[in-house]
Amino acid sequence: MRTTTAILSKIFTQRFYIQNTGFFLVLFYLLFGVVDGSSLWNYHQSLMLGFLRNNSFLIIVLLLWTSYALKCAGFILKTFQTQGYDFLFPTMGSMPATSRWRTWWVLHTAIYMPVLVYAAVAVVVAIQQHYYLKGIIIIVFNIANCIWPLTLYERKLAQPDVIFFTGHMQRWLNKHFTKPPVLFFLYELFTNFPRRIFSTKLFSAAILWLTFLIMRQGEYFDLRGLQLGAMVSVLVHMQLMVHNRAFDDTYLNFMENLPIRLSTHYLRLICIYILMFLPEMVMITVNAYTKTPWMGLITVFCTALSLMILFRCLLYFPKMNPEIHVRYVLLTSFIVLFMILGKYEWPAIALLQIASAIIFFKKYRTYEPYIERE
Amino acid sequence: MVNGKKGTNKFLLKRTAIIDIYPLFFHIYIFKLLRMSEPVIALHTVKKNYQDVPVLDIARLELPVGIYWLQGENGAGKTTCMKVMAGLIPFKGEIVLRGNVSSREHPVQFRRLINYAEAEPLYPSFLTGRDLLELYLNTKGGNRDQISAISERLGVDIFVNNPVSSYSSGMLKKLSLLLAFTGNPALILLDEPLITIDTYALTVLYDLIRTYSAKGVTFCITSHQPLDAEELTVTGTLKVAHKNITLN
Chain B
1 MRTTTAILSK
11 IFTQRFYIQN
21 TGFFLVLFYL
31 LFGVVDGSSL
41 WNYHQSLMLG
51 FLRNNSFLII
61 VLLLWTSYAL
71 KCAGFILKTF
81 QTQGYDFLFP
91 TMGSMPATSR
101 WRTWWVLHTA
111 IYMPVLVYAA
121 VAVVVAIQQH
131 YYLKGIIIIV
141 FNIANCIWPL
151 TLYERKLAQP
161 DVIFFTGHMQ
171 RWLNKHFTKP
181 PVLFFLYELF
191 TNFPRRIFST
201 KLFSAAILWL
211 TFLIMRQGEY
221 FDLRGLQLGA
231 MVSVLVHMQL
241 MVHNRAFDDT
251 YLNFMENLPI
261 RLSTHYLRLI
271 CIYILMFLPE
281 MVMITVNAYT
291 KTPWMGLITV
301 FCTALSLMIL
311 FRCLLYFPKM
321 NPEIHVRYVL
331 LTSFIVLFMI
341 LGKYEWPAIA
351 LLQIASAIIF
361 FKKYRTYEPY
371 IERE
Chain U
1 MVNGKKGTNK
11 FLLKRTAIID
21 IYPLFFHIYI
31 FKLLRMSEPV
41 IALHTVKKNY
51 QDVPVLDIAR
61 LELPVGIYWL
71 QGENGAGKTT
81 CMKVMAGLIP
91 FKGEIVLRGN
101 VSSREHPVQF
111 RRLINYAEAE
121 PLYPSFLTGR
131 DLLELYLNTK
141 GGNRDQISAI
151 SERLGVDIFV
161 NNPVSSYSSG
171 MLKKLSLLLA
181 FTGNPALILL
191 DEPLITIDTY
201 ALTVLYDLIR
211 TYSAKGVTFC
221 ITSHQPLDAE
231 ELTVTGTLKV
241 AHKNITLN
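Protein sequence lines correspond, in order, to chains B and U. What the first sequence shows, in the UniProt record's numbering, is residues 1 to 374, in sequence order. What the second sequence shows, in the UniProt record's numbering, is residues 1 to 248, in sequence order.
Be a bit skeptical, because a hint or two may be false.
What the hints assert, rightly or not - List time: in silico BS3-like cross-link candidates among lysine-lysine, alpha-carbon distance up to 25 Å:
#, chain 1, residue 1, chain 2, residue 2
1, B, K179, B, K291
2, B, K362, U, K92
3, U, K92, B, K363
4, B, K71, B, K175
5, B, K319, B, K362
6, U, K239, B, K362
7, B, K363, B, K201
8, U, K215, U, K47
9, B, K201, B, K291
10, B, K291, B, K362
11, B, K78, U, K92
12, B, K291, B, K319
13, U, K47, B, K363
14, B, K319, U, K239
15, U, K92, U, K215
Treat the hints as calculated values from the structure; they're not laboratory data.
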């Protein structure tokens with residue numbers, strides 16, 4: 001007979017490691033694959049001594065470990081919300097409190113284990129090198145990282161409707177604020193796919209940062225360079241567009257029965273992408289407002305948003321799978337790039353807008369998800 | 001005598017009043033009669049394919065005001081038919097409501113007149129019942145107090161501020177049924193409304209159908225369980241088979 005912990009380990013621990021195989025492969029490569037075997041111990045010892053000797057480095061390491069603990073907690077909380085795992089509420093809720101806390105601890109520690117192993121080695125090094133205080137800090141910090149998520153799991157069990165960490169605030173918002181349809185997709189990303197939106201925004205910000213860095217190092221500012229950066233930043237958002245279509249197909253079908261004009265649907269689509277690109281627009285404004293007139297900034301924003309809207313509208317062709325979509329996106333990007341280089345930005349924007357509107361108004365009411373045959 | 005005179009006067013006054021308002025009643029009656037006879041929904045050469053597979057091929061179907069029980073085997077196309085009628089999925093052909101509201105020419109007005117409650121409703125997990133209710137009331141319109149009253153009768157008001165991710169299937173079903181009564185619909189499509197809801201909610205639902213039906217709203221209900229004959233008088237049964245719908 002299998003024990004409860006073994007069954008729950010299969011649900012949480014095994015699934016966690018299977019789902020994060022790619023992440024661990026990259027991590028192990030960075031930690032153990034970049035140096036040859038003979039100097040591996042020296043490499044790690046130097047790394048550990050680095051954060052044992054330097055307080056700022058230690059803070060960074062502790063923050064990284066905490067972010068991993070957050071990832072672990074997020075995974076367990078998300079499992080409760082995943083379809084088919086509802087049975088966890090009544091089953092775990094029926095367990096005696098002491099054994100439930102013990103089970104939480106076993107599950108969380110099992111997925112937090114990689115950090116614990118590395119931290120344990122670091123503590124041994126700290127003792128050997130007489131960095132006792134740093135060793136104690138690492139021990140206390142990791143014990144804390146093994147305990148605080150357990151309270152979140154308990155709270156989730158008691159309040160299944162609380163999606164993440166913002167219990168009271170979320171309840172207050174739900175009672176006093178009605179979510180407008182324009183925010184539905186952003187809510188979906190932030191509540192159910194936070195990693196996806198944060199990683200996209202991180203890459204996008206990195207691209208824009210690199211664009212400004214290159215221009216600063218070259219001691220010049222060319223609006224076309226900035227537009228190119230913004231275009232690449234738009235391309236990073238492609239996975240979100242495909243996700244947007246899947247979300248609309250799966251969850252927003254009920255909206256087709258609402259008496260909403262096509263123009264209102266189109267306006268909603270435009271607003272979704274304006275809101276999505278808002279952080280980039282702020283970043284571009286902060287970095288470029290002294291170097292280009294407002295009209296230049298508006299041109300950059302209009303180009304980027306027009307591209308985004310067209311790329312999303314292309315997905316209203318039912319047979320447009322991600323592979324075909326990439327081809328059309330790249331083809332459009334090349335055409336627009338040459339128009340930008342030739343200083344035909346506004347004709348490009350006008351063409352993109354016209355194409356988007358034609359596709360949307362022609363396809364929206366006739367669109368139906370296409371299921372590809374194998 | 002005085003009393004008698006008074007009585008006569010009262011009688012005369014009443015008669016005069018009845019004669020005065022009689023034409024109004026007459027007109028309403030004639031109007032209702034005309035409404036009853038004209039089809040509330042008419043399907044003209046409606047065809048629906050899933051990719052290349054034909055699912056529906058209805059040459060003509062007209063339904064006068066009433067309560068209809070839509071029957072058919074699993075996979076016969078009942079839900080597809082309802083989704084087509086509700087404007088949820090694209091189709092070939094045309095559907096006309098109340099004789100002049102076309103699905104092609106008046107898509108917004110069409111959707112104002114037809115409401116649909118899904119068999120297995122699916123909403124984004126983060127939305128609350130209130131979010132959905134506000135969205136429906138803002139777009140479909142209708143009497144908010146009336147909807148609040150129905151919400152209380154169905155017990156939706158208790159959990160309306162919680163996200164739908166925390167709802168049981170019965171709670172979701174109740175919410176979806178409540179949303180189907182928003183606005184001023186001419187036709188309400190209820191896909192398997194009898195399953196998953198509790199017996200009290202079921203009596204409330206039957207009562208709502210009766211009340212709305214008396215106001216002239218048509219219902220099209222799919223159910224594998226027979227509709228309670230003591231609770232509802234069915235105008236006709238619709239049979240979905242061989243890609244077609246026939247009215248019995």
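Consistency of the hints with the structure:
For the given pair, K179 (chain B) sits about 38 Å from K291 (chain B) by alpha-carbon distance, which is inconsistent with the 25 Å threshold. Distance restraint check for K362 (chain B) and K92 (chain U): the Cα-Cα separation of roughly 15 Å lies within the 25 Å cut-off, and the hinted pair is therefore satisfied. Only pairs whose Cα atoms come within 25 Å are accepted, and K92 (chain U) paired with K363 (chain B) is accepted, the gap being roughly 14 Å. Between K71 (chain B) and K175 (chain B) the CA atoms are separated by roughly 29 Å; this puts the pair beyond 25 Å, and the hint is violated.
The hinted pair formed by K319 (chain B) and K362 (chain B) meets the criterion: a straight-line CA distance of about 15 Å does not exceed 25 Å. In summary, the hint linking K239 (chain U) to K362 (chain B) is not supported, as the alpha carbons are separated by about 34 Å, beyond the 25 Å threshold. Restraint check: the Cα-Cα separation between K363 (chain B) and K201 (chain B) comes to about 29 Å, which exceeds 25 Å; the hinted pair is violated. The suggested pairing of K215 (chain U) with K47 (chain U) is violated, with an alpha-carbon distance near 31 Å, which exceeds 25 Å.
Distance hint between K201 (chain B) and K291 (chain B) is fulfilled; the C-alpha atoms sit about 24 Å from each other, no more than 25 Å. The suggested pairing of K291 (chain B) with K362 (chain B) is violated, with an alpha-carbon distance near 41 Å, which exceeds 25 Å. Between the alpha carbons of K78 (chain B) and K92 (chain U) the distance comes to roughly 42 Å, so the proposed pair goes past 25 Å and is violated. Taken as a hint, the K291 (chain B) and K319 (chain B) pair is broken in the structure, with Cα atoms around 43 Å apart against an allowance of 25 Å.
With a C-alpha separation of about 18 Å, the suggested pair K47 (chain U) and K363 (chain B) falls inside the 25 Å cut-off, and the hint holds. The hinted pair formed by K319 (chain B) and K239 (chain U) fails the criterion: a straight-line CA distance of about 33 Å is larger than 25 Å. A threshold of 25 Å between alpha carbons decides the hint, and for K92 (chain U) with K215 (chain U) the separation of about 32 Å lies outside it, so the pair is violated.
Of the numbered hints stated above, those contradicted by the structure are hints 1, 4, 6, 7, 8, 10, 11, 12, 14, 15, listed in ascending order.
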